[in-house]
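Quick note, the sequences are listed as chains A and B, same order. Heads up: the first sequence at position 276 corresponds to 276 in my numbering, and the numbers run straight through without jumps. Here my numbering = 1-based position in the second sequence + 1000.
Because the hints were derived from the structure by calculation, they are not lab data. The structure presented is a predicted model; accordingly, all values stated were derived computationally and were not measured. Every residue, glycine too, gets a C-beta built ideally from N, C-alpha and C. Careful: at least some of the hints might be erroneous.
The calculated label-pair distances, taken between Cβ atoms and stated as ranges, are [said to hold, decoys possible]: (1) L9/A x S1025/B: 19 to 25 Å; (2) T1127/B x G172/A: 22 to 28 Å; (3) S1147/B x V388/A: 47 to 53 Å; (4) S179/A x S1025/B: 34 to 40 Å; (5) I279/A x I1006/B: 52 to 58 Å.
DMTMM-like, lysine to aspartate or glutamate: derived pairs with alpha carbons at most 25 Å apart [to be verified]: (6) K104/A x E158/A; (7) K1026/B x E158/A; (8) K162/A x D337/A; (9) K420/A x E287/A; (10) K162/A x E287/A; (11) K11/A x E1125/B; (12) K151/A x E371/A; (13) K11/A x E1133/B; (14) K151/A x E137/A.
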Amino acid sequence: MVDQALLSLAKFLPEITLAITFCLALLVGVIFRSRPRLSMWVALLGVVVSIALTIREMGITESVFSGMIAVDPFATFFKLIVGSSAIFIFLFSLYSAEVLSTMKRLVEYSSLLVAMTLGMYLMVGATNLLMMVLSIELTGLSSYVLAGYTKEASDSSEASLKYIIYGALSTGLMLYGISILFGLTGGAMDIYAINRALVTSPVNPIALLVASLLIIAGLGYKISAVPFHFWTPDVYEGAPITITAFLSVASKAAGFAMLIRFFKIAFIDSSAVGLPAGIWITLQGFEWNKIIAILSVLTMTLGNLVAVWQNNLKRLLAYSSIAHAGYMLMGLAILSDKGIAAVLIYFVVYMFMNLGAFYVVMLVSNKTGSEDIDSYKGLGFRSPFIGVSMVIFFISLAGLPPTAGFIGKLFIFASLLDAKWIWLAVVGAINSVISLYYYVRVVRNMFLRDPDENSGPLKFSVPEIVLLLLLVVPTLLFGLYYSPIVDFANASARMLGVH
Amino acid sequence: MDLYTIAFYLFAVITLVSASIVVFSKNIIYSAFALLFAFFGVAGLYVLLMADFIAVTQLMIYVGGILVLVLFGVMLTTRVINVDMRTGTIQTLPAVLIVAALAGTLVGVFWTTDWRIMPAFPGFEKTAPRIGELLLTSYLLPFEIASVVLLVALVGAAMIARREKKAS
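Kindly produce the complete structure, drawing on both the sequences and the hints.
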């Protein structure tokens, strides 16, 4: 037993690094009290090291700590997404007026960001219900606090409070669902054991449906799927922009990873034989993929329709991120490895374009102090580079060529058509058209409206521009040269225990 | 009805009644004291499940520790006795509908499902050694991660609660 734990530790280095970094960032903050920036650098370094260690784990497929966590290509892929967005967020924070205005709390800010990253690393690999709940809680607790980081601002405290109340409710629902599942399967906590129990002895389908709906409520909250999305606009608007960006990308990625892994392992008929490679089928009498499909239609339609009316850029991006969760859910409804790979491709693309859009919002709000759509009037003339970058991000979010967003959507729709889900593809396409409207509305304000009389050109420092380039270039590049991402995603769609 | 079943219903009623007082009472002191009985009832349920270690932990940590802290917090807060707690209900009809639907479904599920029930252990077995062993073997990782979760909660609570001098 001891040997096994020691062997597991060797496969657990990225997480251990993050746990140590978390404590180290706090200690450094206490020792070097007058230099709070130092602990941010420590945290950044720790995340970089954890990414390097994650890259070393590539290709390993193993279950560690008595089946608590899977280290497999799927988890590694999502760890890279979460880790890289954490790095971007730290870099954003170095230039965020909002974060730097509260220098004293920078230590807690950096260390909690690391803890949140650790929670997400655990979420993407968890294969045991207990571990799933714990990692959701770790991620949740750190994000509740960070959402209320600028506590002097009342909307930030409101965001934090709303987040924690919805979080507590959805975790409660999820735990309830887990307890029903626990009773149905005779006390199975491991998701493979749950699958074995469900396949060998069929259970009351209604009870299974209720249990899975309650679990979807918990995970749907993390990925802000409708109807569990109510917290999203308020939290995204109230939280500091850096945290909003992190929540919209990394938190969503971790939630998706957990949702996909749980449903793909626990709720498929693993005894079925003679299926084509990369296709799976649902358990007898329980077609959960229909639920996911309905959820995805609701999510993207509501997200896009409500986004049309938003005048605050953070709120607009919040609803747009809800809509993107809807597009990605379509990939899971197909029940094929191709669909999963399409979701993975989408996440790489989504990370660059969404972080980019939030970064531009942050830069503009640093200078103008406002996130209102009116403050973007004539931005294209006041700062052409920022304006053009924003246009690129928005075109990509809308899914038009030649940007990476197009590739992301292309693979989702291609796999939908492959699996003959024509109606879902049509709904998705109509939604993309609606989304174009509100993205273009901002673009029109930036380029076709004159700036206010008393506003001069906006100047940005060189590092700020370089950081923006780091996001713009991939958004354009992956629109033209996408085969590496596609290969990587296809290789990463493999999960522990699923062949 | 044997003694065991009577004891179960007794503890269940204690838990439910005092939990509803916690929620519905307008006086925060009453709520805090009712919480005592709710925790106690749950501890009784654990005893009936032969979970001796969990029952003792429930008494020591929740009743003995957390609740005393809550009571001190409530009592040391200035003017707590006659504080006007703003409670109200809005959207009553949709809430009632949703709660009724959810409760109906759950009760229906519990009624109609064949639960897999473990046979009861014939005798009494001490659970603490077994729990301790499992925590350091099969459940080593959750055990360790729980400590990180607690540390995060501590740091976060300190950050939110700390009063800062206005930097001027």
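Verification of the hints:
no.: 1; hint: L9/A x S1025/B: 19 to 25 Å; verdict: 50 Å, violated
no.: 2; hint: T1127/B x G172/A: 22 to 28 Å; verdict: 26 Å, holds
no.: 3; hint: S1147/B x V388/A: 47 to 53 Å; verdict: 48 Å, holds
no.: 4; hint: S179/A x S1025/B: 34 to 40 Å; verdict: 28 Å, violated
no.: 5; hint: I279/A x I1006/B: 52 to 58 Å; verdict: 55 Å, holds
no.: 6; hint: K104/A x E158/A; verdict: 21 Å, holds
no.: 7; hint: K1026/B x E158/A; verdict: 24 Å, holds
no.: 8; hint: K162/A x D337/A; verdict: 36 Å, violated
no.: 9; hint: K420/A x E287/A; verdict: 16 Å, holds
no.: 10; hint: K162/A x E287/A; verdict: 33 Å, violated
no.: 11; hint: K11/A x E1125/B; verdict: 36 Å, violated
no.: 12; hint: K151/A x E371/A; verdict: 19 Å, holds
no.: 13; hint: K11/A x E1133/B; verdict: 23 Å, holds
no.: 14; hint: K151/A x E137/A; verdict: 22 Å, holds
When held up to the earlier numbered hints, the structure conflicts with 1, 4, 8, 10 and 11 and fits the remainder.
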